Amino acid sequence: MTVVAAGVTVPPAPERDHFAAVRVEVSDCARDLPDTDPERVLSAVRSGGRAGADRVELRDLAVRAAAALIGEDPQYSRLAARLLARQIRDEVAEHGIVDFPSAIAVARTEGLLSVRTAEFVAAHAGELAALVDHAADDRFEYFGLRTVYDRYLLRHPRTDRVLETPQFFLLRVACGLAESVAEAAELYALTSRLAYLPSSPTLFNSGTRHPQLSSCFLLDSPRDELESIYQRYGEVARLSKYAGGIGISWTRVRSRGSRIRGTNGRSNGIVPWLRTLDASVAAVNQGGRRKGAACVYLEPWHADVEEFLELRDNTGDEARRTHNLNLAMWVPDEFMRRVETDQEWSLFDPADVPQLTDLWGERFDAAYREAEAAGKAARTVPARQLYGRMMRTLAQTGNGWMTFKDAANRACNQTARPDNVVHLSNLCTEILEITSDDATAVCNLGSVNLAAHLDRDELDWVGLADTVRTAVRFLDRTIDLTYYPTEAAARSNRRWRPVGLGVMGLADVFFRLRLPFDSPQALALSTRIAEEIALAAYETSVGLAERHGPHPAFPDTRAARGVLHPDHFPQADPVHPQRWAALRERVRRSGLRNSLLAAIAPTATIASIAGCSECIEPLVSNSFKRETLSGEFLQANPYLVADLKKLGRWDRATRNALKQSDGSVQGLDLPEELRRLYRTAWELPQKALIDLAAARMPYIDQSQSLNLFMAAPTIGKLSSMYAYAWRAGLKTTYYLRSRPATRIALATVAGAAPAGASPADDVTCSLENPDICEACQ
Amino acid sequence: MTTPTTETTPARTLLLDPGMDLTLRPMRYPAFYEQYRAAIRNTWTVEEVDLATDVSDLGKLSTGEHHLVKRLVAFFATGDSIVANNLVLNLYKHINAPEARLYLSRQLFEEAVHVQFYLTLLDTYLPDHEERAQAFAAIEHIPSIRQKGEFCFRWIDSIDALDELRTVEDRRKFLLNLICFAACIEGLFFYGAFAYVYWLRSRGLLDGLATGTNWVFRDESMHMNFAFSVVDTVRSEEPELFDEELGRQVTQMLREAVECELQFARDVCGDGLPGMNAEDMHRYLRYVADQRLTRLGLPAVFGDTNPFPFMELQDAQELTNFFERRVSAYQVAVSGSVSLDEEF
Numbered sequence: 001m002t003v004v005a006a007g008v009t010v011p012p013a014p015e016r017d018h019f020a021a022v023r024v025e026v027s028d029c030a031r032d033l034p035d036t037d038p039e040r041v042l043s044a045v046r047s048g049g050r051a052g053a054d055r056v057e058l059r060d061l062a063v064r065a066a067a068a069l070i071g072e073d074p075q076y077s078r079l080a081a082r083l084l085a086r087q088i089r090d091e092v093a094e095h096g097i098v099d100f101p102s103a104i105a106v107a108r109t110e111g112l113l114s115v116r117t118a119e120f121v122a123a124h125a126g127e128l129a130a131l132v133d134h135a136a137d138d139r140f141e142y143f144g145l146r147t148v149y150d151r152y153l154l155r156h157p158r159t160d161r162v163l164e165t166p167q168f169f170l171l172r173v174a175c176g177l178a179e180s181v182a183e184a185a186e187l188y189a190l191t192s193r194l195a196y197l198p199s200s201p202t203l204f205n206s207g208t209r210h211p212q213l214s215s216c217f218l219l220d221s222p223r224d225e226l227e228s229i230y231q232r233y234g235e236v237a238r239l240s241k242y243a244g245g246i247g248i249s250w251t252r253v254r255s256r257g258s259r260i261r262g263t264n265g266r267s268n269g270i271v272p273w274l275r276t277l278d279a280s281v282a283a284v285n286q287g288g289r290r291k292g293a294a295c296v297y298l299e300p301w302h303a304d305v306e307e308f309l310e311l312r313d314n315t316g317d318e319a320r321r322t323h324n325l326n327l328a329m330w331v332p333d334e335f336m337r338r339v340e341t342d343q344e345w346s347l348f349d350p351a352d353v354p355q356l357t358d359l360w361g362e363r364f365d366a367a368y369r370e371a372e373a374a375g376k377a378a379r380t381v382p383a384r385q386l387y388g389r390m391m392r393t394l395a396q397t398g399n400g401w402m403t404f405k406d407a408a409n410r411a412c413n414q415t416a417r418p419d420n421v422v423h424l425s426n427l428c429t430e431i432l433e434i435t436s437d438d439a440t441a442v443c444n445l446g447s448v449n450l451a452a453h454l455d456r457d458e459l460d461w462v463g464l465a466d467t468v469r470t471a472v473r474f475l476d477r478t479i480d481l482t483y484y485p486t487e488a489a490a491r492s493n494r495r496w497r498p499v500g501l502g503v504m505g506l507a508d509v510f511f512r513l514r515l516p517f518d519s520p521q522a523l524a525l526s527t528r529i530a531e532e533i534a535l536a537a538y539e540t541s542v543g544l545a546e547r548h549g550p551h552p553a554f555p556d557t558r559a560a561r562g563v564l565h566p567d568h569f570p571q572a573d574p575v576h577p578q579r580w581a582a583l584r585e586r587v588r589r590s591g592l593r594n595s596l597l598a599a600i601a602p603t604a605t606i607a608s609i610a611g612c613s614e615c616i617e618p619l620v621s622n623s624f625k626r627e628t629l630s631g632e633f634l635q636a637n638p639y640l641v642a643d644l645k646k647l648g649r650w651d652r653a654t655r656n657a658l659k660q661s662d663g664s665v666q667g668l669d670l671p672e673e674l675r676r677l678y679r680t681a682w683e684l685p686q687k688a689l690i691d692l693a694a695a696r697m698p699y700i701d702q703s704q705s706l707n708l709f710m711a712a713p714t715i716g717k718l719s720s721m722y723a724y725a726w727r728a729g730l731k732t733t734y735y736l737r738s739r740p741a742t743r744i745a746l747a748t749v750a751g752a753a754p755a756g757a758s759p760a761d762d763v764t765c766s767l768e769n770p771d772i773c774e775a776c777q
Numbered sequence: 001m002t003t004p005t006t007e008t009t010p011a012r013t014l015l016l017d018p019g020m021d022l023t024l025r026p027m028r029y030p031a032f033y034e035q036y037r038a039a040i041r042n043t044w045t046v047e048e049v050d051l052a053t054d055v056s057d058l059g060k061l062s063t064g065e066h067h068l069v070k071r072l073v074a075f076f077a078t079g080d081s082i083v084a085n086n087l088v089l090n091l092y093k094h095i096n097a098p099e100a101r102l103y104l105s106r107q108l109f110e111e112a113v114h115v116q117f118y119l120t121l122l123d124t125y126l127p128d129h130e131e132r133a134q135a136f137a138a139i140e141h142i143p144s145i146r147q148k149g150e151f152c153f154r155w156i157d158s159i160d161a162l163d164e165l166r167t168v169e170d171r172r173k174f175l176l177n178l179i180c181f182a183a184c185i186e187g188l189f190f191y192g193a194f195a196y197v198y199w200l201r202s203r204g205l206l207d208g209l210a211t212g213t214n215w216v217f218r219d220e221s222m223h224m225n226f227a228f229s230v231v232d233t234v235r236s237e238e239p240e241l242f243d244e245e246l247g248r249q250v251t252q253m254l255r256e257a258v259e260c261e262l263q264f265a266r267d268v269c270g271d272g273l274p275g276m277n278a279e280d281m282h283r284y285l286r287y288v289a290d291q292r293l294t295r296l297g298l299p300a301v302f303g304d305t306n307p308f309p310f311m312e313l314q315d316a317q318e319l320t321n322f323f324e325r326r327v328s329a330y331q332v333a334v335s336g337s338v339s340l341d342e343e344f
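Chains W and D, in that order, give the protein sequences.
Residue numbering for the first sequence follows the UniProt record's numbering, starting at 1 and increasing by one per position.
Residue numbering for the second sequence follows the UniProt record's numbering, starting at 1 and increasing by one per position.
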């Protein structure tokens with residue numbers, strides 16, 4: 001109960017003490033944050049506090065109250081993060097944990113850690129304890145810290161309370177991968193600066209009893225027989241149990257109507273099998289921490305391709321839908337050429353043309369035409385009709401990602417021998433590695449935070465290269481330490497030792513340097529970043545080969561034949577030709593420790609931990625909410641906020657205007673330069689995104705998770721865009737992002753819809769009412 | 001601007017004139033038809049909502065939160081059915097334009113999806129059959145829900161006997177019914193209920209409920225907009241209907257609705273929950289009610305500000321990590337044909 005005295009609500013005695021304590025904390029945390037108002041946070045705590053609330057509950061309210069104000073001023077993010085950091089430290093202390101070694105000891109007693117890591121820490125307790133830099137917590141934005149707290153910190157198996165602080169967590173991850181204190185210190189120095197983060201599986205599992213550290217697995221299509229299909233289900237389940245994303249091809253499995261010799265019946269095609277896969281993926285949830293996820297790849301000559309493209313529709317027969325699977329097309333050049341020239345396209349039953357799956361480039365073209373000439377096609381369709389169908393699926397579901405088989409194989413270091421073929425990409429379309437029936441491709445990922453490598457207004461190239469060298473050594477180490485859920489994965493990964501080093505925070509760099517995404521300077525800088533990273537990565541891998549020998553399959557690579565990835569791109573114009581020449585010489589002498597090194601992954605979660613923009617993406621909005629398992633947060637583009645503050649324009653009116661325009665600044669009365677800089681992903685020409693991706697392609701030996709954005713997609717625009725992406729030589733694309741057709745009425749912008757508005761006011765562009773539509777004029 | 005053209009014929013049909021107009025060409029109210037098409041593009045199905053994590057979340061809730069969720073589900077279980085009934089019994093009968101009736105038919109389908117969603121939710125949340133039956137009977141035996149139900153029925157019944165809107169009085173009665181369902185029921189009761197769901201989500205709880213509710217929210221916003229467009233159209237066709245007395249009645253109706261919903265809030269919140277209590281909810285409801293009044297061209301009467309920062313989130317663009325949630329932003333209808341040289 002509260003007592004009302006002189007119009008002010010005052011909590012009774014014990015709660016007053018708790019409240020007073022929280023008041024001190026809030027003021028303390030807000031000391032150097034002049035644009036926050038601690039009183040606003042405290043008043044929310046006062047009114048939201050339940051009778052009998054203790055200090056923890058009140059502080060939690062303060063955290064949430066501060067978080068809710070981030071949309072008004074980004075400094076509240078710092079405030080919320082600092083309060084949360086205190087909360088976490090108190091929670092950890094409940095277990096009698098006083099330092100890093102004692103945290104590890106408790107976690108070991110609870111059976112959470114590997115013996116190797118626990119003993120390593122025990123053996124170097126003093127030195128490791130001294131490495132911990134709790135002040136580094138202050139680098140976290142609220143989103144990042146919340147994500148770490150909700151999902152990444154080890155928890156007590158019974159009480160569910162966290163057993164490590166954020167810094168203990170990062171050091172535990174480093175110790176799980178290190179062989180000496182110096183190594184642990186080296187990696188921890190990067191991660192505690194948020195300059196580099198390994199991918200989520202490594203963050204989740206490093207040092208634990210289940211060190212499955214790899215992000216992605218690529219499985220070859222099951223053979224066209226029952227046993228093989230069921231074996232794949234089992235493999236998929238085992239792989240996704242430990243937090244990996246799955247790519248799997250289904251191209252080898254016969255199509256609907258195909259004769260089954262054993263029973264003299266006819267096949268129901270691939271859809272029923274994929275339904276089973278769908279159910280299996282949904283059932284296996286990754287240790288409760290995230291849902292299993294898989295992407296199925298199919299080549300567009302498979303006779304079930306149209307049904308495949310309908311698997312994610314939300315209309316039609318539910319018995320032929322798979323809502324948990326992602327879908328991707330593995331498109332040969334021959335298909336795109338026939339689209340360009342408006343020809344017929346033949347669809348085949350794979351049982352009739354089993355060879356097509358294992359061929360690419362000219363050999364595929366020849367075999368495909370030969371099969372057509374031999375009358376083996378199940379039927380033919382106009383290529384453009386099928387292409388239009390693919391575009392429709394992209395627009396309606398965002399799925400049905402366009403990935404290009406020939407571009408993927410042509411430049412792949414692993415495909416020097418014709419029997420080594422890339423058959424698919426992975427869940428996020430950035431990994432391109434060969435697979436076969438008994439070889440599952442694996443990739444370990446990590447991403448450099450470019451935003452942490454800006455030195456005032458310049459990129460710190462030396463620092464970037466240093467980060468890459470450390471990152472590659474630890475990614476390579478991961479190959480030896482990770483737990484392989486299947487033998488097929490272990491075998492292939494040890495032979496090829498591929499890793500995928502990527503980036504995040506490119507948009508931050510562009511904002512800081514004030515480069516619009518479609519400026520020539522942005523293109524040059526982004527390409528140079530890719531080149532610098534590739535060079536440092538290859539140099540490191542050669543160095544590892546000099547010490548430990550090349551990866552076992554090195555003789556089967558293009559590099560062994562003197563061809564490095566940029567050589568496939570004659571238009572590439574490297575900034576460092578002499579370093580490339582020197583590298584080439586070293587590769588000739590010593591080989592490479594890793595067959596592949598670069599892949600740009602989406603980084604959704606680790607970018608939020610690092611507090612930077614996702615991989616190579618522009619911002620979708622200058623004001624958006626982020627939804628994660630830990631709830632929703634509002635985020636405004638901090639660079640824009642800073643600019644608007646300078647202009648004295650960061651006020652309620654501007655925030656409302658921003659909200660009403662879905663985070664666009666185009667309608668705001670701002671200098672042209674700012675409106676150009678702060679265009680959202682929806683407002684940028686997509687050509688620019690494709691051009692940026694194509695220009696960095698020579699330095700990305702795997703691929704890039706490239707999302708494309710179109711607010712109101714039409715088949716015409718989409719088909720032009722993807723044809724352009726193919727001609728630009730992209731190996732893969734990822735989601736097509738579009739926007740909802742209608743939206744929620746703004747709940748918190750007062751007077752959003754003016755009284756007396758006529759129904760015509762919310763009319764959209766349409767042929768139904770050409771006279772009144774002004775959208776196109 | 002498209003007010004229906006006045007120069008065609010002096011005896012033109014007005015939107016509320018009795019009858020069954022079947023003429024779609026020339027179309028009198030193309031905006032309604034556009035709203036219908038936009039609604040189709042937003043089709044979603046209950047099967048897309050993943051309730052898997054909700055079940056484990058339910059185990060984590062405090063007693064107070066558990067009580068809130070049960071009350072909420074009980075309200076939702078019948079709320080959309082009531083709206084659907086009024087649509088069939090009253091709105092469809094009197095809004096006399098085929099393009100408007102297209103929209104209403106679509107709305108009816110959406111209400112059915114909402115009912116199905118909350119039914120699925122209830123079956124998932126309440127494994128006990130006895131409890132399920134009780135939830136559906138909430139409208140009978142839980143006073144705070146019964147009161148809301150009675151408020152709705154009163155306004156359904158108010159024009160039950162009207163077969164045709166002949167007189168000015170009839171038309172005003174109809175407008176009150178229409179405004180009641182748009183501003184008070186869909187626009188206030190539901191908005192209140194959504195606020196509880198988003199409060200839970202702001203704490204990272206019941207993601208499935210929130211996802212489905214997000215889509216319901218999107219639909220309800222459309223329904224409300226449509227109803228307000230009908231009001232706007234009637235206002236431009238028959239301005240004399242909108243007299244001071246009507247304004248007074250609407251304002252009074254919103255006051256009553258806020259009061260009803262406050263009783264529900266007191267029941268739902270009990271002694272208060274961290275970050276949610278009946279007083280703040282009361283302020284939120286008054287704030288929303290003011291918005292509805294303003295939209296209807298009436299003066300705001302409460303003067304409150306929004307106390308729920310998590311509702312600010314509902315206006316912001318979503319950025320979904322697909323490992324975690326399904327993106328709800330995709331469109332159902334897309335047009336055009338293949339071409340290779342369009343601007344993009």
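Calculated from the structure, these hints are not laboratory results.
These numbers come from a predicted model, not from an experiment.
Careful: at least some of the hints might be erroneous.
[Claimed, not checked] Computed list of chain D residues with no C-beta within reach of chain W, every gap over 10 Å:
| # | residue |
| --- | --- |
| 1 | Thr45 |
| 2 | Asp160 |
| 3 | Ser339 |
[As the list claims (entries may be wrong)] Straight-line alpha carbon distances no greater than 35 Å define the calculated DSBU-like cross-link-like pairs of lysine-lysine that follow:
| # | chain 1 | residue 1 | chain 2 | residue 2 |
| --- | --- | --- | --- | --- |
| 4 | W | Lys687 | W | Lys646 |
| 5 | W | Lys376 | W | Lys645 |
| 6 | D | Lys173 | W | Lys241 |
| 7 | D | Lys93 | W | Lys241 |
| 8 | W | Lys687 | W | Lys645 |
| 9 | W | Lys687 | W | Lys717 |
[What the hints assert, rightly or not] Now the stretches of chain D that chain W is said to cover, found in silico as 3 or more residues with beta-carbon under 8 Å:
| # | stretch |
| --- | --- |
| 10 | 78-92 |
| 11 | 109-118 |
| 12 | 305-312 |
Glycine included, C-beta positions come from ideal geometry on N, C-alpha and C.
Tested hints:
Once the 10 Å rule is applied to beta carbons, D/Thr45 is inconsistent with being away from chain W; the minimum gap is 5 Å. No beta-carbon of chain W is positioned within 10 Å of the beta-carbon of D/Asp160; the least distance is around 27 Å. Not every Cβ of chain W is farther than 10 Å from the Cβ of D/Ser339; the closest lies at roughly 4 Å, contradicting the non-interface assignment. A threshold of 35 Å between alpha carbons decides the hint, and for W/Lys687 with W/Lys646 the separation of about 32 Å falls inside it, so the pair holds.
Annotation: proposed proximity of W/Lys376 to W/Lys645 is violated, straight-line Cα distance about 68 Å (limit 35 Å). Under the criterion of a C-alpha separation no larger than 35 Å, the hint pairing D/Lys173 with W/Lys241 is inconsistent with the structure, at around 61 Å. Annotation: proposed proximity of D/Lys93 to W/Lys241 is violated, straight-line Cα distance about 55 Å (limit 35 Å). For the hint linking W/Lys687 to W/Lys645, the alpha-carbon distance of about 32 Å falls within 35 Å, and the restraint holds.
Simply put, W/Lys687 and W/Lys717 have alpha-carbon atoms about 12 Å apart, close enough for the 35 Å limit, and the pair holds. Only residues whose C-beta sits within less than 8 Å of a C-beta in chain W count toward coverage, and the stretch 78-92 of chain D has 0 of them, not enough to reach three; the restraint is violated. Chain W is given as covering the stretch 109-118 of chain D, and this is violated because 0 residues of the stretch bring a CB closer than 8 Å to a CB of that chain, at least three being needed. Here's how the stretch 305-312 of chain D fares: 6 of its residues keep a CB closer than 8 Å to some CB of chain W, so the rule of at least three is met and the hint holds.
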